[in-house]
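Going down the list, the sequences are from chains D and G. Following the numbering used here, the numbering of the first sequence begins with 4 at its first residue and continues without gaps. Following the numbering used here, the numbering of the second sequence begins with 2 at its first residue and continues without gaps.
Just so you know, the hints here were simulated from the structure itself, not pulled from any lab data. C-beta atoms are modelled at their ideal positions from N, C-alpha and C, and glycine is treated no differently. Some hints here could point you the wrong way.
Said to hold, decoys possible - Among chain G residues calculated to face chain D with C-beta under 8 Å, some are: (1) Gly166; (2) Trp208; (3) Trp215; (4) Ser259.
As the list claims (entries may be wrong) - Not close to chain G: a few residues of chain D, all C-beta gaps over 10 Å, as computed: (5) Asp214; (6) Arg387; (7) Leu400; (8) Pro481; (9) Thr546.
Stated by the list, open to error - Cβ pair distances, simulated, as ranges: (10) D/Ser482 x G/Glu130: 50 to 60 Å; (11) G/His217 x D/Arg517: 17 to 27 Å; (12) G/Arg251 x D/Gly479: 46 to 56 Å; (13) G/Arg251 x D/Ala216: 32 to 42 Å; (14) D/Ser482 x G/His217: 17 to 27 Å; (15) G/Gly123 x D/Asn37: 15 to 25 Å; (16) D/Ala213 x G/Glu55: 54 to 64 Å; (17) G/Gly248 x D/Asn37: 34 to 44 Å; (18) G/Ser259 x D/Arg198: 55 to 65 Å.
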Amino acid sequence: MAGPIRILALWCPDWPVVAWGVSADEPAVVLSANRVVAATRAARSDGVSTGLRRREAQARCPRVRLLDRDPAREARAFEPLVRALDAVTPRVELHRPGRASFPAGPPARHLGGDESLAARVMQLVEEAFGSASGPEVRVGVAEGAFAARTAARRAVGGPLIVRPGTTPAFLADLPVSQLRADDPRREELVDLLERLGLRTLGAVAALDPADMAGRFGAQGLEAWRLTWGDDDVPSDAVAPPADLRVLAELDPPAERVDAAAFVVRGLADEFHGALTSRGLACESVVVVAETEHGERIERCWRHEGILSAAAVAQRLRWQLEGWLSGRGAGGSPAHRVPLAERLQGGVVRLELIPDRVVGATGRQLGFWGGRDSAAERARRALARVEGLLGADAVLMLEPAGGRAPGEGVVLVAYDTRQEHPRGSPGAQAKQGVFPLRVEPWPGRLPAPAPAVVHDPPLPAQVLDVSGRRVGVNGRGEPSAPPMAIQVGGVRLGIESWAGPWPIDERWWDATEGRRRARIQAVTDDGVARLYTLEAGAWGVEATYD
Amino acid sequence: MAVAHSHDLSLPALATRIDDPAQRRARVRQLAATLAPVSLSNERTLPVVPALAELLPAGGLARGSLVSVGGSCGAVSLALVLTVEAARAGSWVVAVGLDELNWEAALALGVPAERVVVVRVGERSAATEVMAAVVDAADVVLVGGDVVLAASAVRRLRARARERGSVLVRVQPHYVRAVGAGRRHGATGDDRWDGAELSLHAQAVGWPGLGQGWGHLNGRLLEVAVGGRRGSMGGGQGLLWLPDDQGRVRPPEPDELSRVGVGRVEAGPAGGERLTRLGGHRATGLAGGRSVGPVVPLRPTGTGGR
Chain D
4 MAGPIRILAL
14 WCPDWPVVAW
24 GVSADEPAVV
34 LSANRVVAAT
44 RAARSDGVST
54 GLRRREAQAR
64 CPRVRLLDRD
74 PAREARAFEP
84 LVRALDAVTP
94 RVELHRPGRA
104 SFPAGPPARH
114 LGGDESLAAR
124 VMQLVEEAFG
134 SASGPEVRVG
144 VAEGAFAART
154 AARRAVGGPL
164 IVRPGTTPAF
174 LADLPVSQLR
184 ADDPRREELV
194 DLLERLGLRT
204 LGAVAALDPA
214 DMAGRFGAQG
224 LEAWRLTWGD
234 DDVPSDAVAP
244 PADLRVLAEL
254 DPPAERVDAA
264 AFVVRGLADE
274 FHGALTSRGL
284 ACESVVVVAE
294 TEHGERIERC
304 WRHEGILSAA
314 AVAQRLRWQL
324 EGWLSGRGAG
334 GSPAHRVPLA
344 ERLQGGVVRL
354 ELIPDRVVGA
364 TGRQLGFWGG
374 RDSAAERARR
384 ALARVEGLLG
394 ADAVLMLEPA
404 GGRAPGEGVV
414 LVAYDTRQEH
424 PRGSPGAQAK
434 QGVFPLRVEP
444 WPGRLPAPAP
454 AVVHDPPLPA
464 QVLDVSGRRV
474 GVNGRGEPSA
484 PPMAIQVGGV
494 RLGIESWAGP
504 WPIDERWWDA
514 TEGRRRARIQ
524 AVTDDGVARL
534 YTLEAGAWGV
544 EATYD
Chain G
2 MAVAHSHDLS
12 LPALATRIDD
22 PAQRRARVRQ
32 LAATLAPVSL
42 SNERTLPVVP
52 ALAELLPAGG
62 LARGSLVSVG
72 GSCGAVSLAL
82 VLTVEAARAG
92 SWVVAVGLDE
102 LNWEAALALG
112 VPAERVVVVR
122 VGERSAATEV
132 MAAVVDAADV
142 VLVGGDVVLA
152 ASAVRRLRAR
162 ARERGSVLVR
172 VQPHYVRAVG
182 AGRRHGATGD
192 DRWDGAELSL
202 HAQAVGWPGL
212 GQGWGHLNGR
222 LLEVAVGGRR
232 GSMGGGQGLL
242 WLPDDQGRVR
252 PPEPDELSRV
262 GVGRVEAGPA
272 GGERLTRLGG
282 HRATGLAGGR
292 SVGPVVPLRP
302 TGTGGR
């Protein structure tokens with residue numbers, strides 16, 4: 004059996020923040036679901052690290068700029084780099100924006116060795132970004148994709164090339180946490196391995212694979228295989244039958260990503276359906292687009308594990324973002340994409356070709372429908388809803404912090420929660436309920452929380468006994484006791500009330516600072532509401548419905 | 002859930018004779034539960050918190066049914082609290098078209114965050130397909146006022162829910178209309194959702210903690226009326242802290258009512274209890290005084306609340 008092939012992996016650290024075009028010297032972080040997913044060097048030097056909550060990050064680095072995660076922008080910004088790599092290889096595989104790899108063998112032979120190839124790649128990357136001071140790019144070459152990615156992560160200050168045949172030795176001394184760095188889903192496994200005293204990949208590699216399989220199942224066996232650098236081509240990969248490709252004609256041609264979005268989802272579902280009907284699953288997929296000018300480009304995306312329909316659709320969207328960048332409604336791309344790098348004209352044809360296919364192991368549902376089947380059924384049905392409404396319309400709850408009603412929970416996209424399960428290995432999920440008041444927010448409203456929050460507040464008037472608007476002075480005192488509320492032509496008498504409670508938030512920040520005053524009142528329709536005075540205007544902020 | 006018991010059936014337990022008939026019957030019931038592959042959907046219920054179970058005729062949410070929750074104030078919280086026990090027991094809860102809902106309140110009432118999915122339908126018109134998919138996904142579906150469906154679509158949806166055994170909870174909140182268009186109690190007319198198996202009507206009758214310029218709300222006393230096609234058999238009505246000052250959901254003690262200025266409980270005409278409303282501080286004499294009758298039956302006599 005041929006050994007694992009040599010792979011060149013390319014890794015841009017903190018791509019989500021780089022894609023925003025933020026300089027490394029400016030402290031900035033990208034947040035997803037209230038957690039830091041990427042940070043600039045300046046922010047890291049202040050102690051910010053991935054996985055921190057927003058509040059902690061702000062505490063460690065008060066001047067930090069907060070950015071939202073924007074996968075479309077990341078894909079757009081990464082595309083020029085991938086195009087540049089086309090000069091050395093036709094077989095670039097993308098894992099996600101910021102990470103790519105390709106077989107190093109043929110181009111290295113052509114260029115005269117791994118060193119020359121790595122140097123050439125660095126040069127191409129520099130050209131793609133237009134200057135030597137572009138974002139940091141790390142390059143590693145080793146046997147097997149996992150080893151190559153690991154090498155790339157450690158390639159600070161120049162490409163790291165692992166000599167042929169020395170990959171297991173290279174991996175042996177590394178901490179077992181590299182497994183987690185490569186795929187966050189291995190968090191629980193790594194945690195267990197560390198607690199068992201297996202701290203290096205070498206220690207894991209020395210185990211009997213039967214023990215790993217027996218103790219940790221398929222995941223353990225896979226990890227064991229990785230520690231030997233043996234990961235790239237699974238032994239059961241088969242050549243996909245030709246009729247598994249799916250294509251869609253776009254008429255009129257799609258000039259913007261949102262115009263093609265509807266097709267994307269259907270195409271991904273069709274692709275996935277065709278595979279599953281044959282009992283197959285796909286590890287990497289080639290996305291092909293043809294434009295109205297006859298231009299044809301293709302790109303290979305792979306995934307650590309099996310691509311679900313949603314993951315295929317996500318990659319297809321990312322790719323379209325990259326190709327159609329600069330025209331989308333998503334604002335200006337971080338790195339200016341030269342015209343020649345973009346597709347000319349609209350996309351008329353999209354095609355998905357399975358690249359590497361394995362037999363689907365699938366999941367056996369509970370015999371009479373156990374709890375697993377409920378979760379599985381929910382997952383499937385919600386994927387359908389995502390297809391209908393878009394991924395941003397299906398959300399899950401994430402407890403957060405905040406003072407105003409409604410700020411205690413943020414809604415995060417369901418599919419990101421599926422991909423990145425929360426923090427420590429299922430610990431919170433095991434507790435059943437997320438801790439709600441771990442960090443008290445001074446100044447927040449006492450319980451009960453209003454069940455309905457109006458955003459923006461409904462316009463209203465709070466009136467005193469003579470029908471004048473109630474004001475609140477700088478000391479937080481009302482000009483007169485409020486006696487009635489005027490809302491949309493209806494006048495409601497106030498039966499009991501409390502406040503005003505002045506809130507002066509972020510007073511140090513000229514743009515985000517807010518001064519408000521709230522009163523709680525029960526009106527004679529029997530409804531308790533929260534009224535807010537901001538900038539001289541009252542509004543109904545929340546209803547205790 | 003039946004499968005979950007299987008490991009309890011260790012062989013020694015079966016091998017030894019059980020002489021106590023009560024134990025034997027319990028054992029047989031346990032075995033039957035383990036072996037029964039299906040049960041008819043209308044025979045199954047989803048659990049609710051004990052305070053509500055007392056009020057509901059089935060003691061829970063009958064699978065496959067439509068529950069309509071409305072009322073002048075408190076309907077949203079009541080709908081949320083209906084889902085708590087089911088979600089804790091592993092059911093998924095999907096909320097559609099409740100964009101203004103404050104999920105912080107839901108978590109505070111005990112809804113487990115990891116079992117809730119929020120679907121925003123917004124302006125998009127795929128509501129029919131979305132609802133069909135959502136009914137497949139979840140045991141409890143909260144349907145907000147923003148979901149507009151044709152009458153035929155509602156019928157199909159209910160049929161699907163019956164088949165799947167999910168509970169549709171139609172939340173007809175009053176808050177926007179009460180403020181916006183000046184419509185008052187219960188005027189949330191969307192008759193396409195009529196004919197619910199169970200309908201709950203919530204009215205806030207007490208807001209303890211709030212004074213005249215002092216204090217803060219620390220609880221909410223709801224009067225919940227149970228009706229609907231199945232509910233009418235029970236016809237229950239009762240008072241409920243949702244929540245009380247400790248964040249719990251429970252029926253109030255009689256002496257608490259006078260303390261919060263809501264009313265007092267007296268012996269009713271036929272041995273039942275009656276709640277007498279007090280005027281309380283509602284005498285400020287401003288416009289729009291509420292026309293609530295002075296005496297409201299608290300626990301009906303005769304048919305019994307449950």
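Each hint, compared with the structure:
1. Gly166: It is violated, given that the least Cβ distance between G/Gly166 and chain D is near 10 Å, above 8 Å.
2. Trp208: 5 Å, holds
3. Trp215: 6 Å, holds
4. Ser259: Interface hint status for G/Ser259: violated (17 Å vs cutoff 8 Å).
5. Asp214: 26 Å, holds
6. Arg387: 4 Å, violated
7. Leu400: 4 Å, violated
8. Pro481: 8 Å, violated
9. Thr546: Non-interface label on D/Thr546 violated, nearest chain G Cβ at 4 Å vs cutoff 10 Å.
10. D/Ser482 x G/Glu130: 50 to 60 Å: 53 Å, holds
11. G/His217 x D/Arg517: 17 to 27 Å: 21 Å, holds
12. G/Arg251 x D/Gly479: 46 to 56 Å: Hint violated: Cβ distance 35 Å, outside 46 to 56 Å.
13. G/Arg251 x D/Ala216: 32 to 42 Å: Taking Cβ atoms as reference, G/Arg251 and D/Ala216 lie about 51 Å apart, which means the hint is violated.
14. D/Ser482 x G/His217: 17 to 27 Å: The hinted range 17 to 27 Å holds for D/Ser482 and G/His217, with Cβ atoms some 21 Å apart.
15. G/Gly123 x D/Asn37: 15 to 25 Å: At roughly 23 Å between Cβ atoms, D/Asn37 and G/Gly123 fall inside 15 to 25 Å, so the hint holds.
16. D/Ala213 x G/Glu55: 54 to 64 Å: With Cβ atoms ~56 Å apart, the hint holds.
17. G/Gly248 x D/Asn37: 34 to 44 Å: 24 Å, violated
18. G/Ser259 x D/Arg198: 55 to 65 Å: Given about 58 Å between the Cβ atoms, the range holds.
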